[in-house]
Structures are given as structure tokens and as C-alpha cells.
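From first to last, the protein sequence lines are chains A and B.
Just so you know, we're using my numbering here: the first sequence kicks off at 12 and counts up by one.
Just so you know, we're using my numbering here: the second sequence kicks off at 44 and counts up by one.
Do not take every clue at face value.
What the hints assert, rightly or not - Within a straight-line C-alpha distance of at most 27 angstroms, the following computed DSS-like cross-link-like pairs (lysine-lysine) qualify:
(1) B:Lys-131 - B:Lys-115
(2) B:Lys-115 - A:Lys-99
(3) A:Lys-13 - B:Lys-56
(4) B:Lys-131 - B:Lys-66
(5) A:Lys-60 - A:Lys-99
(6) B:Lys-105 - B:Lys-115
The hints are simulated quantities; they were obtained by calculation from the structure and are not laboratory data.
None of the values given here were measured: they were computed from a predicted structure.
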Amino acid sequence: MKFGILVNEGPYQHQASDSAYQFAVAALAKGHEIYRVFFYNDGVNNANKLTEPPQDDRNVTRQWSTLAAQHDIDLVVCVAASLRRGIKAEILAPGFHISGLGQLIEAGIEADRVLVFGD
Amino acid sequence: MSDTQDEGRGIPKVKRFMLVNRKAPYGTIYALEALEVVLIAAAFDQDVSLVFVDDGVYQIRKGQQTKDIGQKNFSPTYRALGDYDIEKLYVERESLEARGLAADDLLVPVQVLGAVELGALMDEQDVVFSF
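This is chain B alone, in the form it adopts within the complex (with noise of 0.2 angstroms):
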């Protein structure tokens, strides 16, 4: 947990917040909430940081035409994260893989990260949201 000792002396504080986004971007609306967490997290200046596994990987594929699905297309919100000073991006290898992905696929630059060290990353986090 992060300190907490700064209550009281007017310092606002700061935590590291982990969005973990599981589910592919359309079919269900847990990706499109997802992000406007991650947008209000970003605005109250917190550390952001975004983690996609599992179909969430999806999320972030280059090349969404969702126009015959009567959607809007949102994807081009994960490029203007950056405006947002939310640069800490992570996808799972093993979810890459089994959907036969490779980083160059994605439409923003991310860091892929084993399953292990992923596990790893996520216990240093004060806060964990999942969809």
C-alpha cells in the first residue's frame, strides 16, 4: 500500500492505479467504461498504468471497422492516452501468442510482459480494477 502519511498536510495524494481490461472492445461495454475510468483516474492525476490479457489484447488492434455493428469505433481513444500522461501500457505474452498477435498488431506502442512478471507488476499496484 502507498503511504499514507501525507493526510492532513495538504499534499494530495497519489496512487498507483492498475486498469486490467479482460474483455474484447465490442460485444460487451466493459472495454468503453473501462477507459472512462481510466481517463478520471488520469484527471485526478493519479499513476495510471493499463494492462490488457485474455481477449482484452483485442482492445488495442490495429484496424477496428465496427461501422456494420452500428458501434462507434473508440479504439483511437488508446492513441491519446499519452495526452493524458498515461504512458505505462502492458500486454500479456501468452495472450498475444494464443491469438497469434505480435506487438506490431497493436495500435499504440506497449510493453509485453510475461504472465509471471505481469503477476509481479500487479502486486506493486495500491489499486486494481478489472473488466
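Bound conformation, chain A alone (with noise of 0.2 angstroms):
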């Protein structure tokens, strides 16, 4: 199955993109594909290669990376709710790219599922 991820909160104070990220690598390892995850609302900071947790914690927005460069998977943030949050090209992670809300849309058009995860 085809599925599209919508992630609606940042890294660290909400579990949301913890458990899209679980999700997605457990669809995987099922055989499913991931057309594409989605960043909204503080979800956009999930892309900001600027973060740096304590060592002995996971690493929220490399953990993205690795998988999207695993699996040729299309990470984007949504453009108008990262000006808002000064999520910008030059602090994005590797795999991570900025779009507009119709890349959303077009994921709810083209996958068989797609799955929010927010607050």
C-alpha cells in the first residue's frame, strides 16, 4: 500500500514524529511504500538540521534523514508554516525540502492511505 504522512508537531516536546517515523518504519520493513511524509504546523521543525539533542537521546530529524536517503523517501516542509517559524533552506536537514500545502493535497490524491499524526 501507498501511504502519505501528515506530521503536525516538532521534535522532542510532542511524540507525533516519533511514532510517524515508527510507522513508516514498519510499513516498510512491510513491504509498503511511503509516497511522501508531510511537515505542518511545528511539525517544520522537525527539519532543522540545527537541533542537537543530548547524546544519549535519538536524533528526531537525522533519523528522517537516514531514512529518507535508505529509501528514497520525499520529506517535505510546508513553506508558509516555515517562514512563520524561520525554517529556511539553509538549515535543512539532508533529505528535507520546502513545498507548499499542494504537495499535501496531491499525497491525499495519489496514496491509498494517508495518516495524520499531531497533538
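Assembly of the complex is requested from the two constituent chains, each provided in isolation within its own frame, with the hints serving as guidance.
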């Protein structure tokens, strides 16, 4: 099955991004496809490469970057939500790119299911 | 799920998108940013409906005044949704009643449905975005 994923919360403050990541890993392991992961609301903060959690904690941003590289996953960060929160191209972690909300709607149209991870 | 047989025949796919609004209009940004999603979905000519449940019913409460909290009153946008051909607005009856509100207190015409009916309607959707 082709899944779209919407992440609406930032890293660490909320578990939404962790849960979305774990879902993506599990779905891929079962042979499903992740059509796109779209980051919206405070979820855009997941793309910030400047995040530096303590060494004994997971690095949420790096997890997404690694997964994207391994499975060629499209990680899209909403442009309007990003501008509000100071997320700019120069601080994007590898694998993330900035685009419009149309990418979320397109994921809804093209994927078999879209899952929302938020508050 | 909707029929995807149109793929490859150049016919645009139309899916049923439901936006579920659960939070009060101010206090968090969910309502404002959900409205952005609604407008883009409509721009993609999708079959869009909105649901207001829990504190989300306050998003379409008449008489919002935001001057003193220093935020923009974006509630007039809900009245403009008809211009985008978005006419399916549903409000959960239980949420209204729990807050002492009635359809007359809302700034747009809506269909008031019970939780069970609303659940059935959600079941018919292709995509449900909840905020």
C-alpha cells in the first residue's frame, strides 16, 4: 500500500514525529511504500539541522534524514508554516525540502491512505 | 477509497477530503493553519468538507473579537468558503450542546449531526485531516 504521512508536531515536545517515524519504518519493513511525509504546523521544526539533542537521546531530525536516504522518501516541509517559524533552506537537514501545501493535497490524492500524526 | 481507475486517462482525480477541526480558534495555531489546508484542497478541485467538533465549534462562533489578544480575527474567512465551492460544513451536536451553543450562534450555515451520523460520514471519506 502507498501511504502518505502528515506530521503536525515538532520533535521532543511531542511524540507525534517519533510515532510517524516508527510507523514509516514498520510500513517499509512490511513492503509498503511511503509516498511522502509532509511536515506542517510545528512539524516543520523536524527539518531543522541545527537541533542537537543530548548524546543519549535519539536525534529525530537525523532519523528522518537517514530513512529518506535509505528508502528515497520525499520529506516535504510546508513553506508558509516554515517561514512563520524561521525554517529556511539553509538550515534544512538532508532529505528535506520546502514546498507548498499542494504537496499535501497531492499526497491525499495519490496515496492509498494518509495518516495524521499530531496532537 | 475512491476509484483510481482514472489514472493515466488524463482525468483529474477527485477525492473526498474531510478537515476535522477540534481546537478553539485562538490559543493554538491549529484552526488558522487548518483553514489554509482547506483553501488549497479547494484550489485542487477536491470534494472538501469541514467538521467542527469539541472546542473546534468555537472557530465558527459569531462575534469573535481578538483585538485585545493582539491576533488577527480570521473568522470572516469561514464565511467566504462558499466562494471556493465549499458548502459542506458539519457540526457535532454533542459538542454544541456541551457548550450551551446552538446553530444560531454560528456565523455560517451548517448541518448539525450527532456523533454517530458524523462517524458514518467520516467513514465515507478518502482522506481525513484532523487538526
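Taking the hints in turn, this is what the structure says about them:
Note on Lys-131 of chain B and Lys-115 of chain B: the hinted pairing holds, with a Cα-Cα distance of about 25 angstroms set against a maximum of 27 angstroms. Of the pairs offered as hints, the one joining Lys-115 of chain B and Lys-99 of chain A holds, with about 24 angstroms between alpha carbons and a cut-off of 27 angstroms not exceeded. At most 27 angstroms may separate the alpha-carbon atoms for a hinted pair to count; Lys-13 of chain A and Lys-56 of chain B meet this at roughly 16 angstroms. With a CA separation close to 19 angstroms, the supplied pair Lys-131 of chain B and Lys-66 of chain B stays within the 27 angstroms bound.
Of the supplied pair hints, the one linking Lys-60 of chain A and Lys-99 of chain A holds, its CA atoms being roughly 11 angstroms apart against a limit of 27 angstroms. Taking the CA atoms of Lys-105 of chain B and Lys-115 of chain B, the gap is near 15 angstroms; set against the 27 angstroms cutoff, the hint holds.
Violated hints are absent here; each numbered hint is respected by the structure.
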